[in-house]
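Trainee: Sequence:
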Amino acid sequence: MVYFVGAGPGAVDLITVRGQNLLKKADVVIYAGSLVNKDLLENCPECAQIYNSATMTLEEVVEVIKNSEKAGKIIVRLHTGDPSLYGAIREQMDVLDSLGISYESVPGVSSFCGAAASLNLEYTLPNVSQSVIISRLEGRTAVPEKESLSALAQHNASLVLFLSSGMTEKVQEELLKAGLSPKTPVALVYKATWKDEKKVLCTIETLSEAAKANGISKTALIIVGDVVSHTNYERSKLYDPAFTTEYRKGSTCSQS
Numbered sequence: 001m002v003y004f005v006g007a008g009p010g011a012v013d014l015i016t017v018r019g020q021n022l023l024k025k026a027d028v029v030i031y032a033g034s035l036v037n038k039d040l041l042e043n044c045p046e047c048a049q050i051y052n053s054a055t056m057t058l059e060e061v062v063e064v065i066k067n068s069e070k071a072g073k074i075i076v077r078l079h080t081g082d083p084s085l086y087g088a089i090r091e092q093m094d095v096l097d098s099l100g101i102s103y104e105s106v107p108g109v110s111s112f113c114g115a116a117a118s119l120n121l122e123y124t125l126p127n128v129s130q131s132v133i134i135s136r137l138e139g140r141t142a143v144p145e146k147e148s149l150s151a152l153a154q155h156n157a158s159l160v161l162f163l164s165s166g167m168t169e170k171v172q173e174e175l176l177k178a179g180l181s182p183k184t185p186v187a188l189v190y191k192a193t194w195k196d197e198k199k200v201l202c203t204i205e206t207l208s209e210a211a212k213a214n215g216i217s218k219t220a221l222i223i224v225g226d227v228v229s230h231t232n233y234e235r236s237k238l239y240d241p242a243f244t245t246e247y248r249k250g251s252t253c254s255q256s
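Position 249 of the sequence shown, counting from 1, maps to 249 under my numbering, and the rest follow consecutively.
No wet-lab data here; the hints were simulated from the structure. Quantities reported herein were computed from a predicted structural model and do not represent experimental measurements.
Each computed DSS-like pair below joins lysine-lysine, with the alpha-carbon atoms no more than 25 Å apart:
{"#": "1", "residue 1": "Lys218", "residue 2": "Lys195"}
{"#": "2", "residue 1": "Lys237", "residue 2": "Lys249"}
{"#": "3", "residue 1": "Lys24", "residue 2": "Lys195"}
{"#": "4", "residue 1": "Lys199", "residue 2": "Lys212"}
{"#": "5", "residue 1": "Lys218", "residue 2": "Lys170"}
{"#": "6", "residue 1": "Lys199", "residue 2": "Lys218"}
{"#": "7", "residue 1": "Lys38", "residue 2": "Lys25"}
{"#": "8", "residue 1": "Lys177", "residue 2": "Lys146"}
{"#": "9", "residue 1": "Lys198", "residue 2": "Lys170"}
What follows is a list of derived Cβ distance ranges for each label pair:
{"#": "10", "residue 1": "Pro45", "residue 2": "Lys199", "range": "34 to 40 Å"}
{"#": "11", "residue 1": "Lys199", "residue 2": "Ser251", "range": "37 to 43 Å"}
{"#": "12", "residue 1": "Lys195", "residue 2": "Ser251", "range": "47 to 53 Å"}
{"#": "13", "residue 1": "Glu234", "residue 2": "Ile134", "range": "20 to 26 Å"}
C-beta atoms are modelled at their ideal positions from N, C-alpha and C, and glycine is treated no differently.
Please model the complete structure; the sequences and the hints are all you need to start from.
Mentor: Dropping the structure here:
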């Protein structure tokens, strides 16, 4: 059996219990070495075979899985954050399907959740933003034209950009092209939840300057939107004493 496991955003105690338990009994672990906290490997048995996929091709990863599966071994494919986001897992699963090799997915805490926790940020503030767009800037690999950053930014939703911190000048250009104010709040979060995490608050117009000043060019998320400033939002109706829900009848009486 092959398990695609989300390692979480970085901190070793933010992997799920299920993921940690699978590491404890794994015979073979193939981990995304450029992004996964290596301290997580301390959960593995001493006899486990460890492979760093940062130095491997898809074909090489599949060869390890195929040989290990034939030997009846438990295989953990350890991805950063949650495997469903920029994890390149579907292409692996399609090959495993063709080989008749069984697999399961174990979700993880994504770095966009870890970054929000580090900033004490809520992406969905009433009357500010009720949607979150997770995307990336086009770089060496293309994105669909309808998903260009300038097109997505026009929605004025909370925007979380992966894989874009090395192109901050272009990010600024695309956001301004979308009509966003240069003063729009931005958070730059480097290695969210890791011990060397770094958080930088700036605006669209100062993003590139802030990234350079703090030496941030990779392994960072860019969060764009008024939710970053935590201001000018409405109180949630969920806990409003005047709002009726399935569990509570609203009251117009003044509260003491």
